[in-house]
Structures are given as structure tokens and as C-alpha cells.
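Each chain, written out:
2 protein chains.
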Amino acid sequence: NNGVQAVMLRLMSTSSPAAASEAKDEAAKASKEGGDKKAVVINSYWGIEQNNKLVRDDGTEWKWTCFRPWETYTADTSIDLTRHHEPKTLMDKIAYWTVKSLRFPTDIFFQRRYGCRAMMLETVAAVPGMVGGMLLHLRSLRRFEQSGGWIRALLEEAENERMHLMTFMEVAKPRWYERALVITVQGVFFNAYFLGYLLSPKFAHRVVGYLEEEAIHSYTEYLKDLEAGKIENVPAPSIAIDYWRLPANATLKDVVTVVRADEAHHRDVNHFASDIHCQGMQLKQSPAPIGYH
Amino acid sequence: NNGVQAVMLRLMSTSSPAAASEAKDEAAKASKEGGDKKAVVINSYWGIEQNNKLVRDDGTEWKWTCFRPWETYTADTSIDLTRHHEPKTLMDKIAYWTVKSLRFPTDIFFQRRYGCRAMMLETVAAVPGMVGGMLLHLRSLRRFEQSGGWIRALLEEAENERMHLMTFMEVAKPRWYERALVITVQGVFFNAYFLGYLLSPKFAHRVVGYLEEEAIHSYTEYLKDLEAGKIENVPAPSIAIDYWRLPANATLKDVVTVVRADEAHHRDVNHFASDIHCQGMQLKQSPAPIGYH
Ligand SMILES: [Fe+2]
Ligand SMILES: [Fe+2]
Ligand SMILES: [Fe+2]
Ligand SMILES: [Fe+2]
Numbered sequence: 664n665n666g667v668q669a670v671m672l673r674l675m676s677t678s679s680p681a682a683a684s685e686a687k688d689e690a691a692k693a694s695k696e697g698g699d700k701k702a703v704v705i706n707s708y709w710g711i712e713q714n715n716k717l718v719r720d721d722g723t724e725w726k727w728t729c730f731r732p733w734e735t736y737t738a739d740t741s742i743d744l745t746r747h748h749e750p751k752t753l754m755d756k757i758a759y760w761t762v763k764s765l766r767f768p769t770d771i772f773f774q775r776r777y778g779c780r781a782m783m784l785e786t787v788a789a790v791p792g793m794v795g796g797m798l799l800h801l802r803s804l805r806r807f808e809q810s811g812g813w814i815r816a817l818l819e820e821a822e823n824e825r826m827h828l829m830t831f832m833e834v835a836k837p838r839w840y841e842r843a844l845v846i847t848v849q850g851v852f853f854n855a856y857f858l859g860y861l862l863s864p865k866f867a868h869r870v871v872g873y874l875e876e877e878a879i880h881s882y883t884e885y886l887k888d889l890e891a892g893k894i895e896n897v898p899a900p901s902i903a904i905d906y907w908r909l910p911a912n913a914t915l916k917d918v919v920t921v922v923r924a925d926e927a928h929h930r931d932v933n934h935f936a937s938d939i940h941c942q943g944m945q946l947k948q949s950p951a952p953i954g955y956h
Numbered sequence: 664n665n666g667v668q669a670v671m672l673r674l675m676s677t678s679s680p681a682a683a684s685e686a687k688d689e690a691a692k693a694s695k696e697g698g699d700k701k702a703v704v705i706n707s708y709w710g711i712e713q714n715n716k717l718v719r720d721d722g723t724e725w726k727w728t729c730f731r732p733w734e735t736y737t738a739d740t741s742i743d744l745t746r747h748h749e750p751k752t753l754m755d756k757i758a759y760w761t762v763k764s765l766r767f768p769t770d771i772f773f774q775r776r777y778g779c780r781a782m783m784l785e786t787v788a789a790v791p792g793m794v795g796g797m798l799l800h801l802r803s804l805r806r807f808e809q810s811g812g813w814i815r816a817l818l819e820e821a822e823n824e825r826m827h828l829m830t831f832m833e834v835a836k837p838r839w840y841e842r843a844l845v846i847t848v849q850g851v852f853f854n855a856y857f858l859g860y861l862l863s864p865k866f867a868h869r870v871v872g873y874l875e876e877e878a879i880h881s882y883t884e885y886l887k888d889l890e891a892g893k894i895e896n897v898p899a900p901s902i903a904i905d906y907w908r909l910p911a912n913a914t915l916k917d918v919v920t921v922v923r924a925d926e927a928h929h930r931d932v933n934h935f936a937s938d939i940h941c942q943g944m945q946l947k948q949s950p951a952p953i954g955y956h
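Listed in order, the protein sequences are those of chains G and V. Sequential numbering from 664 applies to the first sequence in our numbering. Sequential numbering from 664 applies to the second sequence in our numbering.
It is worth saying that the hints were derived from the structure and are not from the lab. Any given hint could turn out to be false.
Using C-beta positions, here's what the derived DEER-type ranges look like [as the list claims (entries may be wrong)]:
hint: 1; chain 1: G; residue 1: Gly850; chain 2: V; residue 2: Lys887; range: 46 to 52 Å
hint: 2; chain 1: G; residue 1: Lys763; chain 2: V; residue 2: Lys836; range: 32 to 38 Å
hint: 3; chain 1: G; residue 1: Arg805; chain 2: V; residue 2: Arg746; range: 29 to 35 Å
hint: 4; chain 1: V; residue 1: Trp839; chain 2: G; residue 2: Leu858; range: 25 to 31 Å
hint: 5; chain 1: G; residue 1: Ser901; chain 2: V; residue 2: Leu861; range: 31 to 37 Å
hint: 6; chain 1: V; residue 1: Trp839; chain 2: G; residue 2: Ser901; range: 31 to 37 Å
hint: 7; chain 1: G; residue 1: Gly943; chain 2: V; residue 2: Glu833; range: 25 to 31 Å
hint: 8; chain 1: G; residue 1: Ser901; chain 2: V; residue 2: Ser863; range: 31 to 37 Å
hint: 9; chain 1: V; residue 1: Thr745; chain 2: G; residue 2: Ser901; range: 39 to 45 Å
hint: 10; chain 1: G; residue 1: Gly850; chain 2: V; residue 2: Glu841; range: 49 to 55 Å
hint: 11; chain 1: G; residue 1: Gly943; chain 2: V; residue 2: Thr914; range: 22 to 28 Å
hint: 12; chain 1: G; residue 1: Glu841; chain 2: V; residue 2: Leu753; range: 37 to 43 Å
hint: 13; chain 1: G; residue 1: Thr745; chain 2: V; residue 2: Leu765; range: 43 to 49 Å
Per the computed footprint, the stretches of chain G lying under chain V, defined by three or more beta-carbons under 8 Å from a beta-carbon of chain V, are [to be verified]:
hint: 14; stretch: 768-774
hint: 15; stretch: 796-802
hint: 16; stretch: 827-839
hint: 17; stretch: 876-885
hint: 18; stretch: 905-911
Yeah, the Cβ is synthetic: ideal placement off N, Cα and C, and Gly gets one too.
Starting from the given sequences, assemble the full structure and let the hints guide the process.
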């Protein structure tokens, strides 16, 4: 079985003490690029050395400090984009109409400026995973119980959404009033989701599931405009090429396609999480879909 | 260079589309053990299949859902345990004496019951990394800026501390009033650290650095009692054997030794983070020590 082989390969690659210490070295070091210029000189004092360089597949230098080669992946664009959770229970319907009603002002605000829309909405999309993951972490500590991997799964989702933002902000630059709006919206949404998740994780995950369904729809519209030439199909930002392992000549269209596939995976994870709660269970009772993208 | 080779090996092991899809499969699946008995039947509905099994190095089934084979590591026990950040500035001194004064009631409460002490304090130790990571995540979103890898580094620390707890709760079972105490302490400490980190991350990381220095001291005392036979050197819990890649006949002494090495790494990371702030910089300006353990 290939899956087993892949695991074994990973295990082997870090199982000897020497390899483990190398892996530590790799991770401790990093290039100075990827954002800022100034360098800290005292690193080695705390045993944290940053002399060696990470490299890409092709041997060129890894230039990001915000993510590492082993966090990159090839998106599974074969995922079913049309899958939809039919709202059955009253809770489902409230979640569904909450999302639908949020869509209305959003459509009016952004019209068809999909680049800007994507950038702005990803600042919100990266909140639920972080809040959910943190609350499950605190719960695991408080109750002295396992997590079933859900802390990691939700934090992975949050990080993936943040990488969407890091990508789209290369395409559309936020203006000052957009920055102000983001700060306000984050303040409200963080607290609302925090409270919502404490009160009903079932409802919270369902809402996110439906938000992801809308995100898929928006990215499909974005793709239509790119194909019709209404939005310029610029080259893909280099951060996106490295993160999703895209070819060097990839374009914005390729980026939107893989981002849309990510959203479809988040949809599945969140509807699944809600379904677990609907069956009267807690998330930890069913192993989390880790690395599902 | 071996470090580069290790990275290349990792890249190769996931760079082909087939391998990437295998890696996804590995992750999506998981065994049903590791905590609870009931199984969810609707998983495959959301494209999340859990039929295949993960395996250990030796081919036996992987029984944990809360962590995966590729998260395990060999602790670097050669780390300098005596390194200490001499408090120089007023802030350093306040941080130092805050921690020292917290030590006093803790010593009286636990006396030399180190198993219980470790279990209780790890529920607190796993909070700062999660709070710091979350606040940096939200900040990255709000300001449309990179993180330098610090979100991940702090979340890794939080997860590592949580694994300490998962280990020690196999050795010492919490009693009802201890559970009640943990809930209270978490409520207070989470909010205090949240606020503290917002006001002064420099101070917050320094406090954690000193807390880790105290943790190293406590684990050294724990080891002394184990060596002197005052505490029974029971076999290591199986979760610890898998997480730290310990030999099958490892004992509690081995576990305490690797946990202490972890704390020394956290000490370095947190003093380093505080040092960056002391130099008038933000964390993202210096690459984070990811996978430093
Ligand atoms: Fe997204
Ligand atoms: Fe999403
Ligand atoms: Fe710890
Ligand atoms: Fe620690």
C-alpha cells in the first residue's frame, strides 16, 4: 500500500537521531527574506541558529519564513464543488439563512471586484478555525482528555485561510478604509464566533460549512470573469507558486482554482464536524481529517 | 550538507502528485482508538474516508488519533539546562520576581508530589503558546502582513505542552478538586495572559522564559526523587513512547528527561522572542525557530 510506504518514508527520514538533529537544524534556520530587512544578531545565544538555508525542489533558495517547504501541497482540484448540505433541521435552516443574508450586503459592497472581495473575506475566513482550535485546546487541558486530532485540523484550516490572504494581498492592495473595515469586522466576528462556538459548536461549524459553499460560488464567478477577460489573468504571485507547488508560469486563474478546491475541503470538514455533533457526539470521538486538502 | 539533504528527502517524499495524494489519504484516515469507542458512520459522505490504517516504524498499527507518526521526534537532551537569562532591565526583574513569587505557593501546595505537580502545571503551560499564536494570527490578518513563522512556532509549543499533559495524566490521575482548581486557574490565567500579551509581548515572553527555567528545576527535582527511589520509576506510558520515539522498555525517568529537554527549548524560544522585542523589533522580522525541540 502506497499510503503506508509514504508514512514509512517519512518516519525513516526522521527516525535516526542524526536525522532528527538535522531536521531540527533545518527548522531552526531560515533565510532573512520574506518580508523584512533588519536582522537580529543574538539568535545563536539561545541555541537557535539560522545560518543554513532551506532549498526548493530545484535547489534554489527557499525565500519564505512564514511557511516551510514541507507545508506546501498539491491541491486536489478533483473535489466535487457542487456538494451541498441540504438544510433539514431548524438549526440547519437558521445557519443557511444567516449565511444567505450575509451574502446580500457583501454582493452590494463588492459588486464584481472579486480580487478585492477575496482579499477582504479571507481576513474573516481565517478566524473560525483559529477560534475553534483554541477552544478545543483549552477544553482538552481543562478536562484532561484527548482531542482526536481536531485541534490540529482546525488550526490547519485557519493557517490555510491565512495563506489565501497572503496570496490575494499580492494581487489586490488594501486601501486605508478597507484596512479600517477589516479591523472592525474582525473585532465583531472574533467575539461572535468565540461565543457562538462556546454555545453551540454544532451551529458554528454548520455556518462555516455554508460560508464555504458561498466561497466556492464566489470563486467560480471570479473564474468566469477571468476567463471572459473582464479581469486580467496576471501571473500568479510567487508565494502561491511555492505554496501550492504550481508551475512557474501559473496564472491568477490557476491560483483561484486551487483556492476554490481548498474551500471545498473546508466545507467538507465543517459540515462533517457539525454532523458529528448532530449525532450527539463530541468531535474527539471521531478522528479528525488532518491534512485533508 | 546533511540538513539540505534531509529537506530534499522530505520534499521528494511529497513532491509527486501521487505521493501528495497518498499523504492526503494517510491523514484523512485514522484508527478508531485513542480515547473513545463510538464510531461515526457518515464520514465518507463528506469525502473524508477513514478506512486505511497508519502504522509505526515496526509495521504495527498506529493507535493514536490525537497525534500522527510524523509529529513524533527524538528529544535533544544534550541542550544546556543551566542557561539563564540574567534579569537586567526593570522589566526583566519584574518578570523574574513574578515567576519566583508564583513558585512559593506552588511549592507549598504540591510539596514533593512531582507527578501531580507536573500534571497540574502542564494544564497552565499549554496556554501561553496558544494565546500568543492566536494573537499573532489575528494580527497578521488585520494588518495584511506575514508572520515570519511565529504563529506556527508558538502553536507548536502549545501542542508540545499539551502532549506533556496527555503523558502525565497517564501517571497521575486528577482528583475532583484538582479538576475544579484547573478550571479556575485556566479561566484566570488565559485572560491574564491574553491581556498581558496584548499590552506587552516582550514582558509576556520573558515571563514564560522564566517559567520554563523553573520547570527545568522542578523536573530536575522530580528526577532526583526518581533516582533516589522516593518515587516509583514506573514504565513509561505508551503515548510517551510513541511521541518521543522512546524504546519499548522506557521508564518514567526517561519521560521526565525528554520533557525537561522540551522545557529547555521553550525557554530558549521565549527568551529569544522577548529579546527580539527588546531590540525594538517585531517577531516577524526574525524567522521563527520552527521544529526547535
Ligand atoms: Fe479561503
Ligand atoms: Fe474556506
Ligand atoms: Fe511542559
Ligand atoms: Fe514548557
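Right, here's what the structure says about each hint:
no.: 1; hint: G:Gly850 with V:Lys887: 46 to 52 Å; result: holds (50 Å)
no.: 2; hint: G:Lys763 with V:Lys836: 32 to 38 Å; result: violated (48 Å)
no.: 3; hint: G:Arg805 with V:Arg746: 29 to 35 Å; result: holds (32 Å)
no.: 4; hint: V:Trp839 with G:Leu858: 25 to 31 Å; result: holds (28 Å)
no.: 5; hint: G:Ser901 with V:Leu861: 31 to 37 Å; result: holds (33 Å)
no.: 6; hint: V:Trp839 with G:Ser901: 31 to 37 Å; result: violated (56 Å)
no.: 7; hint: G:Gly943 with V:Glu833: 25 to 31 Å; result: holds (28 Å)
no.: 8; hint: G:Ser901 with V:Ser863: 31 to 37 Å; result: holds (35 Å)
no.: 9; hint: V:Thr745 with G:Ser901: 39 to 45 Å; result: holds (44 Å)
no.: 10; hint: G:Gly850 with V:Glu841: 49 to 55 Å; result: violated (36 Å)
no.: 11; hint: G:Gly943 with V:Thr914: 22 to 28 Å; result: violated (40 Å)
no.: 12; hint: G:Glu841 with V:Leu753: 37 to 43 Å; result: holds (40 Å)
no.: 13; hint: G:Thr745 with V:Leu765: 43 to 49 Å; result: violated (56 Å)
no.: 14; hint: 768-774; result: violated (count 0)
no.: 15; hint: 796-802; result: holds (count 3)
no.: 16; hint: 827-839; result: holds (count 4)
no.: 17; hint: 876-885; result: violated (count 0)
no.: 18; hint: 905-911; result: violated (count 1)
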